[in-house]
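Sequence order for the protein chains is A and B. Heads up: the first sequence is residues 1 to 575, going by our numbering. Heads up: the second sequence is residues 576 to 895, going by our numbering.
All clues given are correct.
Restricting the straight-line Cα-Cα distance to at most 25 Å, the calculated cross-link-like pairs of lysine-lysine (BS3-like) are:
| no. | chain 1 | residue 1 | chain 2 | residue 2 |
| --- | --- | --- | --- | --- |
| 1 | A | K204 | A | K152 |
| 2 | A | K116 | A | K204 |
| 3 | A | K458 | B | K635 |
| 4 | A | K438 | A | K422 |
| 5 | A | K204 | B | K635 |
| 6 | A | K154 | A | K201 |
| 7 | A | K296 | B | K738 |
| 8 | A | K204 | B | K646 |
| 9 | A | K523 | A | K504 |
| 10 | B | K666 | A | K227 |
| 11 | A | K440 | A | K405 |
| 12 | A | K201 | A | K227 |
| 13 | A | K154 | A | K204 |
| 14 | A | K504 | A | K487 |
| 15 | A | K172 | A | K154 |
| 16 | A | K175 | A | K154 |
| 17 | A | K206 | B | K635 |
| 18 | B | K666 | A | K206 |
| 19 | A | K152 | B | K635 |
| 20 | A | K29 | A | K72 |
| 21 | A | K434 | A | K324 |
| 22 | A | K227 | A | K196 |
| 23 | B | K646 | A | K206 |
| 24 | B | K738 | A | K303 |
| 25 | B | K666 | A | K201 |
| 26 | B | K666 | A | K204 |
| 27 | A | K552 | A | K29 |
| 28 | A | K196 | A | K116 |
| 29 | A | K552 | B | K738 |
So, partial list: chain B residues that the calculated Cβ filter (under 8 Å) puts toward chain A:
| no. | residue |
| --- | --- |
| 30 | A615 |
| 31 | P619 |
| 32 | P621 |
| 33 | L623 |
| 34 | I627 |
| 35 | H659 |
| 36 | N661 |
| 37 | D670 |
| 38 | G746 |
| 39 | K840 |
| 40 | N843 |
In case anyone wonders, no lab produced these hints; they're calculated from the structure. Note that the structure is a prediction, hence the values are computed from the model and not measured. All C-beta atoms in this analysis are idealised placements derived from N, C-alpha and C, irrespective of residue type, glycine included.
Now for the letters of each chain:
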Amino acid sequence: MRRSLWSIIAALAVLALVVAGCGGGGKAKKGGTVTILDTEGGVDSLDPGYWYYQDDYKSLGQPTQRWLYGWKPNETTPTPDLATALPAVSNGGRTITVKIRSGIRYSAPLQTRTVKAADIKYAMERCFLPQVGNGYYHSYYGDIAGADAFTKGKAKQISGIQVPDATTLVIKTTKPIFVLTSGRALGMPCTVPIPKDYAQKYDKGKTSTYGEHAVFTGPYMVQNDGKGNITGYEAGKTLTLVRNPKWDKSTDFRPAYFDRIEFKGGFDATVAARKTLTGPRMLSGDYAAPPVAVLKSGLSSRKSQLVITPSGGNRYIGLNTRIKPLDNVNVRRALSAAIDRTSLRQTRGGPTIGTIATHFFPPGIGGFEEGGGVQGPGFAFASSPTANVPLAQQYMRKAGFASGKYAGPALLTFADDAPPAKETAEAFQSQVGKLGFKLKLREVPHATMLSKYCEVPKAAVAICPNFGWGADFFSPQSMIDPLFNGKNIVPTGNVNTAQVNDPKLNAQIEKAKTITDPAASAKAWAALDKVVTNQSYFLTWIWDNNVGLESKDMNGVPSKFNSGEWDLTFSSFKK
Amino acid sequence: MGRYIVRRLLWVVVLLFLVSLITFIVFYAFPTADPAQLRAGRQPNPQLVEQIRHSLGLDKPWYVQYFRYMKALVLHFDFGRSYHYNVPVRKHILDAVAPTASLVVGAAVLWLVSGIAVGTISAVRRGKLIDRLSMGGALVAISAPVYWLGLVALYLFASDIGKVHIFPGAGSYTPITDDPVKWFTSLILPWIVLAASFAAFYARLLRGNLIETMSEDYIRTARAKGLRERRVVLRHGVRSAITPVVTAAGLDIGILLGGAILTEKVFNIPGVGMVAFDSIQNADLPIIQGTVLLGAFFIVIANLVVDVLYAFLDPRVRYA
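Excised from the complex, chain B in its bound form (with noise of 0.2 Å):
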């Protein structure tokens, strides 16, 4: 297993690297703006355009940049400068992980929690109302698109804008440190709603695959052999069903690692997301790049947190 994990942590760097590569010829070869034309200002001549394009090595072709830019990555961890805001990239994106964490560990434990216990009682009782209920309000919590949603969250509960007020509105985000208490209520609306399509996602998941478990050979020993109902569903039903739900949350989760724009948009929370979506806005190519980065980063570890997790699951895999 150890060498396993060693052997796929050197394909990451091989992945993150690759990432960055086509990442470096997409968004430097053909860029959405010109970057030296956006550092200028308003109204620049074309003389101090060319000046910052010199000095920023814009002039040089994309391998040469691209030499700069993984040297000064490799060996000082120097993501550059934001065009835009002229700040260092690394320090204004590692600002903003903390805050995606917060949100995203959250709603993860949020929706696998509601997710698993919502499937399992619809499979348990299927066909019957509780079934057709949960699964009709899963099919709606995947239809409503989450930058609705927070909106209509906002206005039915925010304290500051909503009609009842509950709970904190948006830009309400306090760092744990600060404030543990207001840390956690000024997450429950984010949550809530950033784990409704993912929670309902998981049920019918979890649902299908189970149904199709409970029928099969081995659970109808293992009640022949009078074990009671719930260690039946839950130890062998649940057990072995759930692998796909594991999969599905490591991507998930190493996904929204990467940045859950919507919901830090319409929340306000300075996370990974707002930040990757603040530089789209701005075409400001340094902070893309690291958040792409990133992104990669959090989604290949995911993968393999996911791949060392179906050992123990399930104990027919073994890895070499």
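Bound conformation, chain A alone (with noise of 0.2 Å):
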């Protein structure tokens, strides 16, 4: 009965949720200038092929760019923007025709130019390059034939990216890869078009600095001198984007209605949120949701001033099964039904926040009603929304502990040293206390949380509380392949954090990786969900929103793409 009305409970949050993220009321007035306040830098690069984070494809991806596949805010599959139609499959999956848009140009200096395949062949190689610093090639782009020999300098080009003419662009692979043929991963800002003789020598030298002097195609730009020199942005202060008179609205499916879009860096978190529900014109940056006490006053005075999306990730305790007793199953199960995923919530503002997870794919994911859905797969330990000590006791006798509890010495533990992640850790730390387990806690900046211990597998570090993570364009392999696939262990940077590498999992994911149908695809995946979430390898506690704050004039409009952060180029005021 109760699990039963926790599932009711739960949809209804779901869906409320859902229709609360649909974004914004009223009509769209085109023109002005919006100011996006950010608490942090913002942007951490100008160059398309550094782009991977949220914030560079809010405020520069989208707005200032055309990618051969785009994401309207609303939709989970890709919408042809540079390309003229979804890729056309042959050859058993394994060769990918994608036919280009004529007549798009570039922005100034090279406005007299248009985008050609060569330039989309060329932006894609680069992305291979060190100094551009791409974090996702090697993951989606990896199987292209000729790629490896291109990675380790015996090939000047990519050979299985060829381009026959100037409009048509064809990819070989060496196995099917659903993420291509899908157009997904071609989705993606390695896809914006760069004219490989304006950026090659920008592209030389340690860094590329192509970013400081790149050309625009989007229906905004970054404010430049006309000669091929950036003018607006200063790094971590402002970004000043203003419309791109090369741009061809008849040719974009985006409205952009503003004029402008300005970015302010740097201010603190709470000033920030309180400035963009008090004035005009203004929406929230670069945080996933405001301080808590902004969004419980929030809610309390300004609900419709806040647009909660689901951002299609999850957060999750992360627990290392190369140390003891954390290899044994039974006691991550244990830990999971010991933890009280309520009470983490409220570490980071309450039910707003995000919903209690049941598994570990989030809505949106394919494979996730697959999984089970909201109601998940059944497991009792991972989806008690409070914690079920008596269930976890029975997991830690299952394990060895004949007394329920753990006797053993403290765990290093590696978590966040600023709010609300330090204070989700230091509820956990209190949780696991009552089946025995101490751990010894370090707090430090989250940047050296993830470089120095808990993605280095030396540091041998037990348990990380702060981690999340999102699926690139809605794919669960990217919810899966990175983090439980054994080949994925690496000496830094490691995110398969529980260092599984179990050869049976290894080739069921090899193997999803290479299923077309979608159904099927879909299907495979959600088994893979199914056994991390019975192993326990991370305890997910919330499938997470990102709660985005509007002025009352502003109609902001939530990428789902993008994890719910703004789609500017929708955007507008209201009328």
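Make the complex out of the two chains shown on their own, each in a separate frame, by following the hints.
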């Protein structure tokens, strides 16, 4: 009874959030200048090849560039942008042909040139260059024929990316890759066109400086001097976008209402949130949710200015399966049963911030429904919203701890030193204490936590309570493969933090990647979701929401593709 | 005096060299994060991380890295590129100097004028109501954390989120070259907030010194000569009692020119403090190194200025 009641409440909550997430009210008004208040530095690069974060997509990727495939705010499948249609697939899924629109122009200083297929080929190839620093090329483009030789410096081009004519791009892969045949992985900024003869000189040296001289194809461009020098960007402080005179609205699916978009960085989060709610013409910036106090007051007095959207991501506590007693699946299940997910959620602001998770996949990901939907696959230890200590003790006994409690040495734990993640870690510490677990809790800055400890196997950290993961382009592959495939265990930047290397699981993942039928693919990934939830490699506790704030006169539109961040090419002022 | 200043300036070079070496060792030998991994972005493959490590020269011994860093710095005044933003560090930091200088110089004027005035009046009116009120207020101002005071000031007086809309709020800083009036009004609240605790501290410092000075024999002599009390206090008392205030002011201004982090953060003034704060958050080592060097430079220069000022304030001090 309790379970079914919970399921109904959860389903209603998700429905309410999705409805809320449809964003803004009122008709769109064309023109005007909108200001986005960032708390940190906003974008981290002007180079499309480097973009891999929500801020990059929101601030630059969507407004200033056209990709091979774009994403409408409410859709979970890509829309042809520079491409004229979805990819034509042949040769058993190994050959992908994309036709390119003709007549798409670049901004100054290349205003006389149009986009050619060769520009996309170069853009994809430069993503493999270390001086560009792209973070996903190996995940999605690694199976393109000739990619390996290019990476090792044995070839000057990637032989599997071909341009038979100015408007045709052909990609040949060594095996069928669903994320490529479906066009999803071509809806990433590595497909933003970059002319080789213009950019190559900037791509030499230790780090590419192309970003400082970038040309634009989207409705907006970073303010520049018209000679190839960016003037509207001060790293970490301001970013100014103005209309791109070379953009042709008739060829684009984006309305692009604003005349000018200004990003201002460095605000205190509370001040930024208050300014946005009380002032005119503003949208919240680079924070997924406002500080807890502002969130609470906003919910009570300015609810219509809060735009809540499921982010397509989750939050979880990472357990290292190479460290005792976490190598025992029943200990992991015991911990999963012992945590109070509702209390953990409270540390970030309560129900608005997300739905209690019942399995690893968040809503919206292919395989979520097949994996049990909101109710989950039925693992009692993984789905209780509050702590179930008797169940946890049962699992501890199964694991060989007769008293139902752990009595071993304290476990090394690294957490974020800033709220709200810090509070989450401390709440977790207190909760697992009931099972006898003692944690050597170390709180450090976020970047340090990841790059020095939690993502470095040699650091032998047992528990990392402040993880979250969001899928790229709604792909279940990007939820499972990086995190649970044994081949992804690496010395640094290791996101397989559980250090799972199960040959059976690895083979299952590799097989799922090659299934190109969407229904069969979703089923295969759902089965993997069930496996990882049952194994409790991670203790998933919420499916995250993005909470955007808008001024009263704004009609902010969140982008599902971009974790619920604003799509500034669809947002507008209210009429 | 000239030789003394030249000698001190040479010491500045040595000091900056030492500071750069220590900073380098601290941040490069014991980094808080792996720069190559940070540059490689989310979910990088090991090959890419290693390629970046190699291309940035991070796979070389620390002393080789330091030599290269110093060579670029000395020969080309090149601080390298930011790992996080991939922009030149020199421009990134130098662009932030003017906002910090605007904030610090204005606040320093405010705290020196008010601190000296309050301290003098309190000392002269020792034990009276005005003294007790002033020192009580000073205690409150010293105790109030700058960040808290800044937020309270914004919530009360900022034109956007305040209860009483008087002063421009956070993020309104405008360079003096763009609009001098806006520059001035945008800095009124930050000046007051930054100056509050310093003014209180200086008032207490001066009060204590002045009370002691006013009981000296030469003060009694001055009074016996029939000098007016105002002249006795200002020309003989304050001039002698103010020396520690000058020392403190020199150091404080020097330190703050290296970044008034809390004030800049709460009012979102794009100064050196904000740059430093941001770079620490992002483990952006080249920028951290640059801001530390800049801070050290301002401190040693401020020290030099203080030493020179001593000679003018106290005729007994002469430098060989």
